[in-house]
Every structure is written in C-alpha cells, then in structure tokens.
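Keeping their order, the protein sequence lines are chains A and B. Under numbering that gives the first Met the number 0, the first residue of the first sequence is numbered 0, with each subsequent residue one higher. Under numbering that gives the first Met the number 0, the first residue of the second sequence is numbered 0, with each subsequent residue one higher.
Note that these hints are calculated values from the structure, not bench results. All figures in this text were calculated on a predicted structure; none of them were measured in a lab. Be aware that one or more of the hints could be misleading.
If you want a taste of the chain A side facing chain B, the calculated C-beta under 7 Å gives, among others [stated by the list, open to error]:
1) GLY21
2) GLY22
3) VAL30
4) ALA35
5) TYR97
6) THR124
7) TYR129
8) LEU235
9) GLN243
10) MET247
11) GLY254
Derived EDC-like pairs: lysine to aspartate or glutamate, alpha-carbon spacing no greater than 20 Å straight-line [what the hints assert, rightly or not]:
12) A/LYS4 - B/ASP55
13) A/LYS5 - B/GLU207
14) B/LYS271 - B/ASP55
15) A/LYS4 - B/GLU73
16) B/LYS119 - A/ASP103
17) B/LYS271 - B/GLU73
Ideal Cβ positions, reconstructed from N, Cα and C, are used throughout, including at glycine.
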Amino acid sequence: MSKTKKQREALERTGVLLALIGGAVFAGFPVLWMLASSFKSNTEIFESPPRFITEGFSFAAYASILSDPTKMRFFVNSYVVALAVTGLTLVVALFAAYAFSRFDFPFKKTINIVIVGVQAVPPITLLVPYFGLMVFLRMFNTYQGLVLTYMVFTLPYAIIMLTGYFNTLPRELDEAVRVDGGGPMTALWRILVPVSVPGIVSVGIYTFMIAWNEYLFALTLTKTQDMRTVPIGIQLLMGQHSYQWNEMMAISILGCIPILILYIFFQRYFMSGMTAGAVK
Amino acid sequence: MVLLTPKKLDAPAPVATRAKKKRNLVPFAFLSPTIILLVILMLIPIVMVIGYSLMDNVIMKKNPVFAGFNNYVEVLGSEIFRTAVLNTTFFTTVSVGAHLVLGLLFSVLLNSRLLNGATKALFRVIYVLPWLFTVAIIAILWRLLLNPNGVVNYVLVTLGITDTGVEWLSSPGTALFAVTFINIWAGYPFFMVSLLAGLQGIPRDLYEAARVDGANGLQQFVNITLPQLRPIIVSMAVLDLIWTSQQFALIWMTTGGGPVNVTEMLSTMTYKMAFSNYQFSLASASAVIILVMSMVLAYFYVRHQKARD
Chain A
0 MSKTKKQREA LERTGVLLAL IGGAVFAGFP VLWMLASSFK SNTEIFESPP RFITEGFSFA
60 AYASILSDPT KMRFFVNSYV VALAVTGLTL VVALFAAYAF SRFDFPFKKT INIVIVGVQA
120 VPPITLLVPY FGLMVFLRMF NTYQGLVLTY MVFTLPYAII MLTGYFNTLP RELDEAVRVD
180 GGGPMTALWR ILVPVSVPGI VSVGIYTFMI AWNEYLFALT LTKTQDMRTV PIGIQLLMGQ
240 HSYQWNEMMA ISILGCIPIL ILYIFFQRYF MSGMTAGAVK
Chain B
0 MVLLTPKKLD APAPVATRAK KKRNLVPFAF LSPTIILLVI LMLIPIVMVI GYSLMDNVIM
60 KKNPVFAGFN NYVEVLGSEI FRTAVLNTTF FTTVSVGAHL VLGLLFSVLL NSRLLNGATK
120 ALFRVIYVLP WLFTVAIIAI LWRLLLNPNG VVNYVLVTLG ITDTGVEWLS SPGTALFAVT
180 FINIWAGYPF FMVSLLAGLQ GIPRDLYEAA RVDGANGLQQ FVNITLPQLR PIIVSMAVLD
240 LIWTSQQFAL IWMTTGGGPV NVTEMLSTMT YKMAFSNYQF SLASASAVII LVMSMVLAYF
300 YVRHQKARD
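The shape of chain B in the complex, shown without the other chains (with noise of 0.2 Å):
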C-alpha cells in the first residue's frame, strides 16, 4: 500500500452554471460504490474490533459479558507484549536506516556519469530484482539460502567465518537478524527507485556550479544531493516504518515469531493470540493498538506533506 495524500483532491470544482441542484447528487451517485465499500469492510469492521475488544470471550461463546479495558490492561501487561513491542522496533527501524542507506548507496552508483546508459540499465534490472518477488517466495528463498546445509553457510565455513554451518533462522542468537536482514533484502529497491527518480530531478548546473567552488565529491553528496533529496527521504522512511511495522508474511514463513519468541512481532503475536489461541478478545484489544500506533504515523505523514505543499 502506498499512503498519498490528496495533493489535489480538494482543489476547487468548476462554477455550476446551471442544474446546480440536480449535480449535486451526482457525485454522491459516482462516489456511492467507493462509500458502501468502505463502510462495509473498513468503518463496520473497525466498529467490530472496538467492540470485541471491550468485551469477553468474544465468538467463542454466545453472550459475550462487557469487560471494559480489562483486555487492554491485559494485553499492554503481558511480557509477550514488551517482546513483541522491543522486536518489532527493532526489526523496523533497522530495517529503515539500511533500506534507506542501501537505496541511497545504490542509486548514486546507477546513477554516475561515468557509466554508459546500457551498463546501468543492466544493474538497474539486477537490482530490482528482490522487489519482483512476494514475500511467500522471498520467504522459501531465504529459508533456502540460510539453511544449515545451504550455501550461505558454505561460503562463511569456506571462508573461515564460521566453524560449523549456522541455524540462522531457528537459533534464538540469530534468528532476528537473519529476519531482519532478509527484509532489508527485500525492500530496499522500493527506496532505490524513489531516490534514482529523485536524482534525476537535481538540476545538474546545481553540481556545475558546486564543481566550480571546488567541492569535491563528497562535499557535493553533503551539501546538494542530501537536501535535495531530503523530501522523498522523508516520505519513504515514514511510509517504510508503516510498512516493515505491520509485516506480518515474511515473520510468519520464516520463523514464525519463534524461537521462543525472539522474532514475535506486534502483528504474528495479534495472529496466534487469534487463530491459534482463539482468544478473540485480547487479539481485539492488541489489533486496536496497533491501528492507534499506525494512526499516529500517519498522522506525521500526512502533516510532512501538507507541509511540503
């Protein structure tokens, strides 16, 4: 999902000149699937979720008791909570920083002067390549690739890195990591793409004219690619921390939040408190949370934009 912000949304609507009255309702009338929609899979199941988590034993038995924020106070207590909270920052914001360091890295090299335009149109389809992917299969991959037998293994025990073959996934020392690491693998093209646009916007004179005052290359990335930049930056980095918090498929297919928990997020635990615990309750009060936590990011996001308009 991508978050935008109604640049235009609202911008004003031509002057009616006539059958004002009729034209009102014909939006409504081309507005109304969109309305009914929402209001059946997103307000009537949001006021579902409230619900459930204000009352007991919700589904599993017919006349649920009002238990008030019995469930919060309870989720919010658990050390399952605390877990799930610590990995989940985390996994996100590690995930952010090297998405975001990876994507600046390599669009700045597709992006050199010094390339051909064939050379970088062929790096640029090899690096892309981790986005071409669903999770479920980046998921197998990597459960394939970090297997103690497999190849990743090999090179580290050839190399002399490590003595014997790693559980990267199942040993509680690395399994966060090795997760962790995986998303990065997976999401940093999302990055990349943004900022190579984002590059290809700077107007070159602004380097010229840098070149002319004796600013070496660095110098030129500090003082005009980053602050160029700076907008998408912070648009991707808040879109990311959304995302990578709510990831719930690649957690679930690789290790499953275990072992023993090192790698429960905010979404696997609201899932096995669900669906394999059936505690419909507690998983209403930790679904509430979590969408109160995505709420406030979207806030920033939305208040970033407005301020960039």
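Chain A extracted, bound-state conformation (with noise of 0.2 Å):
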C-alpha cells in the first residue's frame, strides 16, 4: 500500500518536473538564444542548422558596443536618467507619504483619488500635449524634460506604497520627537525613514526599472544623438540599412544587466514591491 503510493508520488513528481522543463523551454531559449547569437559573427546568425555556440564565437560584439563612445553614451543616459528620477521620486514621495500618513487636513480624500487616478491615464494621452508644453518649457530634448516625465508615472505609485509603509509604523515613534520640540522634518528623516528602508528600497526599485524600461516618451521628448536611452539606442541600431544583430543582441544582454543586478542582489523587495498592489 505505502509502496504504491510511493510510486504513484514519484510518477506525480515527473510529471511535474516534465512540465516545468517544457515551461523553462518555453521561457528560457529565447533569452539563452539571444545570450548565443551575442557571441556569434553576424554571419552566422542565420545559418542553417543554427548552432548555439558557433565557430565564429567572440566577445567583438561587446567590444564594438564598449568601445564606441555614441552607444556608450546611451548607457550613461539611461543612467543618468533612471537614477535621478528614482532619487527625485523618493525624496518627493516619502514628503507627501509623510503628510497623508501623519495628517488631516482639507481635501485629503479628493487628491488620494487625483493620485490613484492619474495612474491610469494613458501615455499615449499625455504625449501630444507633452511635445510643445516640453518646448515652451525648454526642456525639450534635455534630461530635466525626461525626468520630471519619468516623474508623473513613478510618483503616484511611491506615494501610496510608501504612505502604505508609514501606515504599519507607530504614530508614538514620531509624536516623541515632536513632543521633544523637534519638527515634522526632525520626526520624518530621523525617525521614519530609517525604519522605512525595506518599503524605500522596494519602491526605489519599482522606480528604477520604470525610468529604465521607458520608450515612448524617450522617443519623441529627445532628438538628438547624445540623448537617446538604452531602449531608443536599441532601435537605432536596428534602423541602420545592414542589421547588426549579434550587436544588438550585446547591446540587450548589456541592457538588462542593472535590472538583473536589482533582481539578484533585493529579489525579496522586487516581490514585494511589485506584487503589492494585488496582494495585501
């Protein structure tokens, strides 16, 4: 009897473990295809039988991307931008965080609802009106236009998550230092904030990829060479007459590789972070 249904658990366990291959197949060749074809020379990307590692196997691709200052100044771009916008979104955030979490005051309900529906409102809405309020403001083409874009997606977000963090903390820890004569600023960056770090990070992450993933906006808010990010850059070097793929393909691995750094090293507040609008 015990055997039998030993057997049957073993033959349960394949069956699991054959579909989650299938699965794995089905998510990870295209990435492992990608991973290959960045090593081969771009005439071996469509050769037939196609082969994973090919004679032809080299870092030129990397090299050529590494060592060409426009598509480097993609990267620096990208940087630039994600890291600014999610320190500004943060800074901007936890303030108003601070002031739903910690007071009342006159039309606190009517801008929750303004914040919770300005995250459904659709780019592709807002981009007509951005192309000249963006020149009017000379901030066309800069990276102070691609922030403060970047900007009005991340925050309503953050706020609500980081309003949410500072909802789980004891009003007693900060109505101490008020009551010890410091201010909102003293009870705000000395007391909540250090706590608050797990919900900081998760939201800081959330706000990285958002700014570095971005296309639309990037797209038609700058024009020039030494302006475009990573996801523009990309499609830039797809535009050119001869398709160098297995460049493309390093440029992408190279691309992805911040996200997956995030990933790796704060996997447990990516899962928060992002999970925490469906799950509470």
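Taking the hints as your guide, dock the two standalone chains into a single complex.
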C-alpha cells in the first residue's frame, strides 16, 4: 500500500518536473538564444542548421559596443535619467506620504483620488500636449524633461506604497520627537525614514525599472543622438540599413544587466514591491 | 505602472493637541512638490489635449479654429479606428487570458510540494527571465527568433509543421497572432509572481481538510485554490487590461502597426496621427477617447479594490 503510494508520488513528481522543463524552454530558450547570438559573428546569425556555439565565437560584438562612444552614451543617459528619477521620486514621495500618513487636512480625500486616478492615465494621451509643453518649458531634448516626465508615472505608486508603509509604523515614534521639540522634518528624516528602508528599497527598484525601460517619451521628447536612452539606442541600431544582429543582442544583454543585478540582490524586495498592488 | 488604491491613505490622523492652526499648513508644504508636478505635468496637459481635440489645425497653424466635436466624429467614424479597436480588443483579451492561464499553471507547478526548494528556486529564476527585459529588447529578440530564416522557422520546418519559413511579423495572416504571442511571453511573469505569493498565503490545513474529505487534486484546485486566489486574479486581470490596452512600444518596434493595419492598435494609430501625419487635432481626439476608456477600466478596478476592503 505504502509502496504504491510512493510510486504514485514518484510518477507525479516526474510529471511536474516534465511540465516545468517544458515551461522553462518556453521562458528561457529565447533568452539563451539572445546570449548565444551575441557571441556569434553577424554572418552566422541565420546559419542553417542553427547552433548555439559557432566557430566565430567571440566577444567582438561587446567590444564594438563598449568602444563606441555613441553607444556608451546611451547607457550614460539611461543611468543618469533612471537614477535621477529614482532619487527625486523617493524624496518627493516621502514628503507626500508623510503628509498623508500623519496629518488630516482639507481635500485629503480628493487629492487621494486624483493620485490614484493619475495612474490610469494612458501615456499616449499625454504625448501630444507634452511635445508642446516641453518645448515651451525649454526642456525638449534634455535630461530634466525626461526626468520630470517619468516622475509623473512613478510618483503616484511611490506615494501610495510609502503611505501604506508609514501607516504600519506606530505614531508614538514620531510623536515622541515632536514632544521633544523636533519639527516634522526631524520626525520624517530621523525617525520614519531609517525604519522604512525595506519599503523605500522596494519603491526605489520599481521606480528605477520604470525609468530604465521607458520608451514612448524617450522616443518623442529627445531628438539628438547624444540624448537617446538605451531602449531608443537599440532601436536606432535596428534602423541602420544592415542589421548588426550580434551587436543588437550584445547591447540587449548589457541593457538588462542593471535590472538583473537589482533582481539578484533584492529579490525579496522585488517581489514585495511588485506584488503589493495585488496581494494584501 | 501599478495602479493602487489608497487602502490606508485616509486613515484618521492623530488628534492635534496644540498649534493646530499652524499645523494645517504643514501637510500642504509636504505635499507641494507633488501637487506642483501633477498640476504642471498632468492637469495642464489633459486640459491642453481636450482643448486641442476641440480645435482644428492645432500646432501646425497659428490660428486654430473651434471645431466642436468634429474631430471626435471623424475619428470614431473612420475605418482605421474600428480596425484599431478590434485589434486592441483581440490583443488585450487574448494576452490577459493567456497571462492568467500561464501564470496560474506555472505558479501552481512552482509551488508543488513534490519538489525540493533548490529545484523550485532554479525554475523560478528561469520563469521570471522575460520580466527582466525592457520592451525594446523583447521586440528585437523576437524579430531575430521569428525571422524567416530564424530558429523558430527552422524548428517548424524540421518538424514538418511548415514547408518553408514563415514571415510571422510581416504576413497579414500571422502578424497579429505573432505580436500577441510575444506579449504573452513578455507579460506572464507578473501574474505568476503575484499568484505565487498568493498561493504561499493559502493555509495548508485547508488542503489537509479537503484530503481528509477525499477531494482529489483537481477538486482541491477548483474548490480551494481558485476561490482563495480570486481577489488577486481579478486585480491582476484588470491591471493587465489597462496596461495591455495601452501597449505601444512592443507593437511599434515589431510591426509598426502593419502590414496593412492588421496590428494597428489605438496607441499606434494615435501616435501616427500625431507624429507621422501631423494631424494633431485628430490625434488629440483619439487620445481623449483612449483616456476615457482607461478611466472606465480604472473605475472598475478601484471599485473592486474598495469592495475587498
């Protein structure tokens, strides 16, 4: 009796494993192929039969990207914009979250609803007016223009997440500071922020990802080669008359490294930040 | 973007004991950067786009004239708008449905009691991979894979499923399916991760009790797992509907809406009206129509979240 149960469990385990391997091919093969293609020479990309490792195996595609100042500029731009968006979003959102979590004030509910609703505004709706607005504000084709634009999309989420986080912290913490004569700034930066690091990291990662991946506004609000970010840079490589597939795959691999590093080091925060919207 | 509702944003604030009047200005000081940013970069642009949509020849001419709802009539009555609505509906519903099914399937497999932690951790990393790539990369990767001489066609020809390489992204008969498939690949991890977190939150003893009652695996799934995951599933599905219906970059970089409009979405159509044809008034009317549609979806999302609380 116990033997047949064991056998059945072994059979089930094999079934689950086979299904998982099937799914892993679906999920992982394209990524593996990208990696393999980045080491090929461009003439071997579509060779038949296809192989993972070819005679032309080399780091040439990577070398060509890393030694090209135009392409490296894409990375510099992406890092500058994404880091600035992350830093500024966190500061502005911490202020707002502190107000929401610790004060009562007129129009609190209305401002709430606006902040929630803003998240559903489609980027394409803002695109046409932004074009004119950014020219008017003299921010067309600048870092400032991109950073402020992205903050519109990162701030609401950050505010709501951080308010939720602050609400889990007992009010006695910051009330004590206030009684001792410290102002609200002291309460926020000396007391609340240090104990909110996990929440801040989650929001920070999420914000960085949004900014690093953004495409539509980077495409429309920048114009010159030296202001383009990585997603647009990849597309520019594609636009040239002959496709350098190996270089496009190499720049793609390089482009996902920051996200991969964030994922590996902060997996726990990643999950909590991402799922907070759906899981209570 | 994650759409969140303020579960605790309007929790009662502490009773102010002293300096109440002075305090009234403090929260607004803290909120001022947010309010200034949202007014300049959200409120004003929305007012602008609504204004544009009611004018003719905006941006391109110095003195636009009031046109009432003419632009809306023209957009809503056009052939391309109907095509874009149908394509967006197909793309969105099939993507969301497949995300849900794959997310459920993979999260249940990854949560299996039959495998040890290390195996599950390894598979979890592989399954999450599509999530780590920006849309630009996903687009270009699939253009490589689905190329007529690419590896997908090689496998299909070798297996005898097709005779020759298929131009998946540039044949009118396959392009919409191809971009939908790519979007399915790109988007399921978000569901999977949320559902996995949800599965881990289901109390074990619910399953124990069901086993005692003689429920088999399928019955346990239908009667315990699904009802327990229902709130997450509904939230994720609505969020995904909002995001997917707004998808631009993936379409733009794989097919550009072609061939002959078979993958034209509301977003790509609007973009082309503005930045290819310079019909900014029409594009603005279309942008407002999309805004209204998204707001309707958002309303249902918020109502659902409120109902859960």
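Comparing the hints with the structure gives:
Residue-level restraint check for A/GLY21 is violated (minimum Cβ-Cβ distance to chain B is 10 Å; threshold 7 Å). Hint status for A/GLY22: holds, given a least beta-carbon distance of 6 Å to chain B, under 7 Å. Below 7 Å, beta-carbon pairs count as interface contacts, and A/VAL30 has one with chain B at about 5 Å; its hint therefore holds. Nearest Cβ of chain B to the Cβ of A/ALA35: about 10 Å, over the 7 Å cut. The hint is violated.
Taking 7 Å as the C-beta cut-off, the interface hint given for A/TYR97 holds, the closest approach to chain B being about 6 Å. Hint status for A/THR124 relative to chain B: holds, with the closest Cβ pair at about 4 Å, below 7 Å. With a cut of 7 Å, the hint placing A/TYR129 at the interface with chain B holds, because the nearest CB-to-CB distance is about 6 Å. Annotation: A/LEU235 was flagged as interfacial toward chain B, and the flag is violated, the nearest CB pair being 10 Å apart, outside 7 Å.
Among the interface hints, the one on A/GLN243 is violated; its C-beta lies about 11 Å from the nearest C-beta in chain B, farther than the 7 Å criterion. Restraint check, A/MET247 versus chain B: the minimum CB separation of about 5 Å is within 7 Å; hint holds. The criterion of a C-beta within 7 Å of any C-beta in chain B is met by A/GLY254, whose closest approach is roughly 6 Å, and the hint holds. Distance check on the hinted pair: A/LYS4 and B/ASP55 sit about 75 Å apart at the alpha-carbon level, beyond 20 Å; violated.
Taken as a hint, the A/LYS5 and B/GLU207 pair is honoured in the structure, with Cα atoms around 18 Å apart against an allowance of 20 Å. For the given pair, B/LYS271 sits about 17 Å from B/ASP55 by alpha-carbon distance, which is consistent with the 20 Å threshold. Annotation: proposed proximity of A/LYS4 to B/GLU73 is violated, straight-line Cα distance about 68 Å (limit 20 Å). Proximity of B/LYS119 to A/ASP103 is assessed by CA-CA distance (about 47 Å); at most 20 Å being required, the pair is judged violated.
For the proposed pair B/LYS271 and B/GLU73, the alpha carbon gap of about 16 Å is at most 20 Å, so the pair holds.
The earlier numbered hints that this structure contradicts are 1, 4, 8, 9, 12, 15, 16.
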